[in-house]
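Participant: Order-wise, the sequence lines are chains F and L.
The first sequence finishes on residue 701 if you use the numbering used here, and the numbering steps up by one all the way, no holes.
The second sequence finishes on residue 360 if you use the numbering used here, and the numbering steps up by one all the way, no holes.
If you are wondering where the hints come from, they were derived from the structure by calculation, not from laboratory data.
You can take every hint at face value.
Per the computed footprint, the stretches of chain F lying under chain L, defined by three or more beta-carbons under 8 angstroms from a beta-carbon of chain L, are: (1) 461 to 471; (2) 493 to 500.
From chain F, some residues computed to sit far from chain L (all C-beta separations above 10 angstroms): (3) Ser99; (4) His244; (5) Gly522.
With beta-carbon atoms standing in for the labels, derived distance ranges: (6) F:Arg112 x L:Val112: 53 to 63 angstroms; (7) F:Ser47 x L:Arg195: 44 to 54 angstroms; (8) L:Arg195 x F:Ile444: 21 to 31 angstroms; (9) L:Leu244 x F:Arg527: 24 to 34 angstroms; (10) L:Val192 x F:Pro661: 38 to 48 angstroms; (11) L:Leu116 x F:Lys505: 45 to 55 angstroms; (12) L:Arg349 x F:Arg581: 43 to 53 angstroms; (13) L:Arg195 x F:Leu313: 50 to 60 angstroms.
Only a predicted model underlies this, so the values are computations on that prediction, with no experimental measurement involved.
Built from N, CA and C at the ideal position, the CB exists for glycine as well.
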Amino acid sequence: MPASNPLLEVQDLHVTIDSVGSAREAVRGVSFRIAAGEVLGIVGESGSGKTLTVSAIAGLLPPGVRVGGGSVHFRGEDLRAASRHRLSEIRGREIAMVFQDSLTSLNPVMRIGVQVQEPLLLHRMARSGEARIAAKERLHSVGIPDPDRAMSRYPHEFSGGMRQRAMIATALIASPALIIADEPTTALDVTVQAQILDICKRLNRELDVALIVISHDLGVMSELATTLAVMYAGRIVEFGPTQQLLAMPQNPYTKALLESMPRASLARTDDLKAILGEPPSPEALPPGCPFHPRCPLAEERCRLEEPPLLTVAAGSESACWVAQRQPLPPVGSDVALHRAPEGLAAPRVDLGEPLLRVRELVKHFQIPSGTPFRRGGAVHALDGVSLDVHPGETLGIVGESGCGKSTLARCILRLINVDSGSIIFRARDVTTLRGEELRLLRRHMQPVFQDPYASLNPSARIEDAVAEPLLAHGVPKREALPRVAEVLELVGLGARYGRRFPHQMSGGQRQRVGIARALVLEPELIVADEPISSLDVSVQAQIINLLRDLQRRLDLTLIFISHDVRLVRHLSTSIAVMFLGKVVEHGPSDEVYSRPRHPYTGALVSAVLSLGPVANGGRIILSGDPPSPLRPPSGCRFHTRCPRAQELCAEVEPSREPVGASHNWACHFPLEG
Amino acid sequence: MIQPEEGGTRGAVAGPVSKVLARLPTAHRVLGRLRGVELAVALFIIVLFAALIVLVPLLGLPDPIHQHLENRLLPPGTDHLFGTDQLGRDVFSRVLFGGRTSLPAAIAVVAIGFTVGTLVGAVAGFLGGAVDQVLSRVTDMFFAFPVLVLAMAVAAALGASLVNGVVALAVVWWMSYMRVSRGMVLDLKNRDYVVASRAAGRRRSGILARVIMPNVLPALLVMAALDVGRAVLMFAMLSFLGLGAKPPEPEWGSMVANGATVMEQWWVSTFPGLAILVLVFAFNLLGDSIRDALDPWVRGRR
Numbered sequence: 029m030p031a032s033n034p035l036l037e038v039q040d041l042h043v044t045i046d047s048v049g050s051a052r053e054a055v056r057g058v059s060f061r062i063a064a065g066e067v068l069g070i071v072g073e074s075g076s077g078k079t080l081t082v083s084a085i086a087g088l089l090p091p092g093v094r095v096g097g098g099s100v101h102f103r104g105e106d107l108r109a110a111s112r113h114r115l116s117e118i119r120g121r122e123i124a125m126v127f128q129d130s131l132t133s134l135n136p137v138m139r140i141g142v143q144v145q146e147p148l149l150l151h152r153m154a155r156s157g158e159a160r161i162a163a164k165e166r167l168h169s170v171g172i173p174d175p176d177r178a179m180s181r182y183p184h185e186f187s188g189g190m191r192q193r194a195m196i197a198t199a200l201i202a203s204p205a206l207i208i209a210d211e212p213t214t215a216l217d218v219t220v221q222a223q224i225l226d227i228c229k230r231l232n233r234e235l236d237v238a239l240i241v242i243s244h245d246l247g248v249m250s251e252l253a254t255t256l257a258v259m260y261a262g263r264i265v266e267f268g269p270t271q272q273l274l275a276m277p278q279n280p281y282t283k284a285l286l287e288s289m290p291r292a293s294l295a296r297t298d299d300l301k302a303i304l305g306e307p308p309s310p311e312a313l314p315p316g317c318p319f320h321p322r323c324p325l326a327e328e329r330c331r332l333e334e335p336p337l338l339t340v341a342a343g344s345e346s347a348c349w350v351a352q353r354q355p356l357p358p359v360g361s362d363v364a365l366h367r368a369p370e371g372l373a374a375p376r377v378d379l380g381e382p383l384l385r386v387r388e389l390v391k392h393f394q395i396p397s398g399t400p401f402r403r404g405g406a407v408h409a410l411d412g413v414s415l416d417v418h419p420g421e422t423l424g425i426v427g428e429s430g431c432g433k434s435t436l437a438r439c440i441l442r443l444i445n446v447d448s449g450s451i452i453f454r455a456r457d458v459t460t461l462r463g464e465e466l467r468l469l470r471r472h473m474q475p476v477f478q479d480p481y482a483s484l485n486p487s488a489r490i491e492d493a494v495a496e497p498l499l500a501h502g503v504p505k506r507e508a509l510p511r512v513a514e515v516l517e518l519v520g521l522g523a524r525y526g527r528r529f530p531h532q533m534s535g536g537q538r539q540r541v542g543i544a545r546a547l548v549l550e551p552e553l554i555v556a557d558e559p560i561s562s563l564d565v566s567v568q569a570q571i572i573n574l575l576r577d578l579q580r581r582l583d584l585t586l587i588f589i590s591h592d593v594r595l596v597r598h599l600s601t602s603i604a605v606m607f608l609g610k611v612v613e614h615g616p617s618d619e620v621y622s623r624p625r626h627p628y629t630g631a632l633v634s635a636v637l638s639l640g641p642v643a644n645g646g647r648i649i650l651s652g653d654p655p656s657p658l659r660p661p662s663g664c665r666f667h668t669r670c671p672r673a674q675e676l677c678a679e680v681e682p683s684r685e686p687v688g689a690s691h692n693w694a695c696h697f698p699l700e701g
Numbered sequence: 059m060i061q062p063e064e065g066g067t068r069g070a071v072a073g074p075v076s077k078v079l080a081r082l083p084t085a086h087r088v089l090g091r092l093r094g095v096e097l098a099v100a101l102f103i104i105v106l107f108a109a110l111i112v113l114v115p116l117l118g119l120p121d122p123i124h125q126h127l128e129n130r131l132l133p134p135g136t137d138h139l140f141g142t143d144q145l146g147r148d149v150f151s152r153v154l155f156g157g158r159t160s161l162p163a164a165i166a167v168v169a170i171g172f173t174v175g176t177l178v179g180a181v182a183g184f185l186g187g188a189v190d191q192v193l194s195r196v197t198d199m200f201f202a203f204p205v206l207v208l209a210m211a212v213a214a215a216l217g218a219s220l221v222n223g224v225v226a227l228a229v230v231w232w233m234s235y236m237r238v239s240r241g242m243v244l245d246l247k248n249r250d251y252v253v254a255s256r257a258a259g260r261r262r263s264g265i266l267a268r269v270i271m272p273n274v275l276p277a278l279l280v281m282a283a284l285d286v287g288r289a290v291l292m293f294a295m296l297s298f299l300g301l302g303a304k305p306p307e308p309e310w311g312s313m314v315a316n317g318a319t320v321m322e323q324w325w326v327s328t329f330p331g332l333a334i335l336v337l338v339f340a341f342n343l344l345g346d347s348i349r350d351a352l353d354p355w356v357r358g359r360r
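Next comes chain L alone, as it looks inside the complex (with noise of 0.2 angstroms):
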């Protein structure tokens, strides 16, 4: 049929003129180096920040607890890079140890949702019927709560600890993935191949795990990765309200809060507030450059 102007869908032939094309690739190469280098400044930033964090103990930096009342709300200096706070503590030095607590916290929430998240959705998408229908519903019930006034309400009901934070995380965190786990393997398991794998006499259980979620996993661990970041955010926030790491242990959530009230000392709360911006704001990078580079239509307009 006849194309409109400009090409209309997307279908066998898209059309702008030829034109237009002889000035795309030079755009395709501008974009195409942009994508490199948030790419390469996202990583930048997770790498170093990892380091640090391994590194620390070999720094020889002032104990990250241990109080020194006489040095209390320095500013910053050559003595203390970041200042201290209300008790003489070194605000470089917790902010570095409190990436200790942090980073490993938020891997762990996104790991054991993720987990619990594909299995409960790779079943209920196998298996079809009843199983789907009561797994969805009960899905849909935790996704009806306030992500954060349900975990608050878990971390509050099992006491302020680091590990409960993580729990009362990781109980609103499975969800989406158990969302996508769902949706792939239902596609997935009319596909030839699976088909095919059953005609071969392969057993149930061998064709969810060796067949389809092989070829489900990737595009998982890929939102996975994107993940960490919201949940290090997330897990700031649980312990900005105190329900997170208890208070001598250095984390990036209470720091904030406790610098919170002393706001003229503005080091003692900035600088562990930039520590969780700069690291977000990597995973966040990190994840629209994966994410472009996965995305077929994304990638081919360009």
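Just chain F, with the same shape it has in the complex (with noise of 0.2 angstroms):
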């Protein structure tokens, strides 16, 4: 299609949310254009408008919330002036959607085979029969097995993998110009992620279906889109080919994104390079450039005036008047700066005798099987994990959804009780622990919890929440709130925050309140399960360096808890692989992370996005699902994804080897180091 008729072209688009006496732009003036087979990429934070940049497009604004201005052409079509009618008949059949989360967004009481036609039959495209067939090839495309079963099964049957696979089929059906995609792999595993990438890419290859994604990823972007559109505070701040504005970013918001994420590159000592503060919420927008008060670059003039979107030196638009003077310096450029202050660069280890040694831990969750008189299932979360955790060191814990790390955290906290097994942490079995000597055993071992805002007692105030530990353990009030001060202080925040309420703060400012309260009773052991994960990207890194800053100053032992391999091979000194209730390897964390030895571990690996264009050929995606935790295979559990599988497998599990070293791993055939 030639340029100057575009699919679809966005004008000058503003969304405009009404509350109560006011209105605010949350979308301030977005354009763009996007051709027949290209794949535009729109990243931002949370906030940043892009999901309501493509509802608007699609006509499927929440209530309250309206296009104040702009227009979108489909097609040489205005949407805008579209009927309701018109534009229902276009939703669908021109123009599909795939949602982040296909649990909510697939009908729950309808078969999927139903869902997948639907399409057709309400846009009167096919007869019932003829939809049947349309829909078993399409689940068939996205590579859906045996597409006849699944048709008649109903979503919560599906994993997550799968329903996404059965959105995009939904989408697909109908043989749509365009489809938009909002955070379709967000909610997936790392190796199924790799999976729906590649159908995306297969499909936008071989059908020529243009397709809008949108990501806070800037690995899923680099894998998928050709043009990509950063986007901060409302606005679209940086324009360009995906890879050049990858490799030469020419925004200071994309340059620190880039710069804040763990690269393979950087030394496990240093640092990685935060960006400063939050991102502004669209009711306070910072006069001027949005991004000024956390920009490096800032000067005089991005105070005053917000900067155009303009064509720069490099070839990609910014938004930025710094670079639309000279072009900004490469990524990283600046980076040693950041190097961590000599002889605090690593915490130290002590290999002696270690302050945990978990053995044999077995834990097993029954389900109640529905019918009477018959016994559920059980679900297989721990089937006995070995670990040591020395004094000073880090261990990562890795794996995908189900795989048991949030239980072991748990059960190594002795917040859930242990079927078998044990744990003995400061040379005491604490699994048999009861009442008060378990009450006293927390003092030393405190937790970090995932989401922030679940782990604060919304009714309390933020002093009262850090000084709960000290509280409980007797510690008088009038010295727990000068200790308070300090943690807040320690964490980053500084006193003055204790007044406030946990509502009143940022998700970013909340996790520092989790680590504070786990802080406080200076306990010897910390377990961080996903502690960044509910967290915005460019704040993410700033609770990496701060538990790392904390990791030196006050020789933490830590069990950081993760499935970002990436993230964990830079914040750990070892890295402890887990897979369905096992630990497949367990190793240092720059050996285990550049000379995996598990098949597994070698597809997590590989499965991280790096940035750049990837190697044909180069990436190990494992086919399938994560098998059930409620009827683990045979064998090694592995053998029914592994691509190195042989008969062996199926029949014998193996053991972790060589015993006693300190890189182990468990599989007969082993990838070579």
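Join the two chains, each given in its own frame, into one complex according to the hints.
Facilitator: Take a look at the structure:
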């Protein structure tokens, strides 16, 4: 299609949110065009207006939100002027949508097959027999095995990855010209994400469908998008061909985002280059360029005038006064400045007696069968986990959802009881502790939770929340409060935050409170379960740096749980890889990351989306979904997905070898070191 | 996936089209104002009743108990605003003095029910297991009786008196608080912040009292405020049947019962009845506006 006649053209789009007595602009003048077969990525943090932009295009804005101005033309037709009837004709037939949460976007009481056919029948594009055949074909083309059986299933019988495939099949069935996908892989595990991205790329290539993909993840964008739009505070701040934009970002925000990600080239002792502050809320945008309070390059003009989006020397478009004058320095050129101070470079690990020794830990969760007099199944959350943690060590635990990593954390913290096995902490088995003894143990090990919104009592002030562990262990309030102020200072908040309530703070600030609370008792061990995964991208690096800083200053022993193997490698001294209730590989962090021996570790490391072009065939994409923890496969639990599996793997479960070595793995046919 | 026409679910994006949206703010404002009126009317009536009840001894009204047989069954007029009853007592005075029995009795019923129900529910939800089973089944047993019949049985067994009437009603009043309190505690006790308190080393009693209950009580208090109107009605019913306040004492329910014997003199029963009606109506209005303000779904739709 000639450039003069794009598939979709958005001009100066404004979206306004009406609230009582006021209206605020959440999207402030967004323009772009997309040609047939193109893949446009829109990247931005929560609140940047990316979802509202595409909802406005499809005419699916939620109540109370309206298009405040601008135009949307699809194949030359003005969508804002289109009637309601015409809009619903276009939706599903010409423009289809894929949402993030496949569980709530699929109707739970309708069979998959019916939902996939629905667009065809709604638009009277096929009779029901034909629609059935078409649905089967589509399900097959998105990689759903046995489409016949899948058609008669309900959404809850599918895994997240399978549901997302079904949604894509639904979007595709009417052969639309444009698919809008809002965070299509965010809710998925990394190995499944790799599959879905692969499908998206293939469909775009084979069917010539144009795609608009929304994500906060630059790695996903690098993989999928041909053109990238970076949004910040309701506007596009940078626009250009993806690879060029990622290699030579011409907006300080894009550059800062790229620099805040842990890269392979970054030494483990280096801090991440965090972005200051937090994204602004649409109600209180700073004057001038909205990024200026966080921008290292900000100058006088940035504080006064908002820069327009203009083509800069490097060829992409950027809304930045500085970049419009001279090209920005390349990514990472000034990272050396953030090297850790000498002498504090690495936490001291004492390899003598371990602080924590976990042996053969087993935890099954019973599931009621739903039928009287019949035993239900059991989720095998932990099936014989053994690990040592030495004083000063940071152990990173990685694995996909359902592998048992959070259960392990809760067992170690004794928040749930174990079925069997032992946890030796400070030279005594803590699995048998009860009542008061257990309560006193808690002083020595503290958790940091994943969701800073859920882990703080909404009705307690910050200082009371942080003081709680002290008071619970008999420290008088007089002595507790100065200590609270001290710890709040330590996590970079300042004592003045003490009087606030959780709802008056941002996610990043709350997570700092969560960390302060864990530190206040000066415990020997901190267990952090996905402490950054619910934070905005530009805030994540701050929290990681904070944890590293505390690690060095306080000689913390830390168990850090994450699904992001790159992050774990950056923060940890050693890594344990979990799969379906077992530790399949354990060893020093750099060694496990750069020379993985277990094929599963290999796949996890390979699923890390690096920025920049990917060599074809360079990535291991696992087939299928993680097996169900209700019925773990025989032998090696990974054999159903393993590219190296042989007959032996289905029969004999491998044990972790070499015994006693610092780096060991449970595999019959390990990768070459 | 593709949204069916008219938006479909309340999921990520619900979507009527922009034209409808443009009209929404006006509708919102109208409804918003209406809601304000409801709340104002309810509060006005309740405050007025409360003030009259408190101040009635200062108003210089005729004694509500002393009989003037020569003034029997006088119709409403300037001397007696609401007329007089069979024993020559001023109905207006008796209605106002009756409020001093009815409203405090209703509040006492709700307060006892609230306290007992909330405590039992909190303990059942927090401890779980066998304790929960026993307490929940006991609650179910109470629920299984017709409320009024059980209250009558209790009141009759204890003997008719004001206090016994309150006790009888409280016996049938606590179960819904128990259910709600138990449910909320069950929900909250596995929230991250409660687990965090456990990990901080707080004692179990402290977790229930200091962490969970402050987050449960506001909703239950709202529920209690809404319940007062219903309690006024129930107490009047009990008194109407002769099981609440004892005869010479003015009380709305017994006054209606008393007036029912002289139907031609409509004022004897109508005015106390109206008092019940208006007060209960006000509490229901109050309840509606509080619930609407609290319910995010109703709020989101307007």
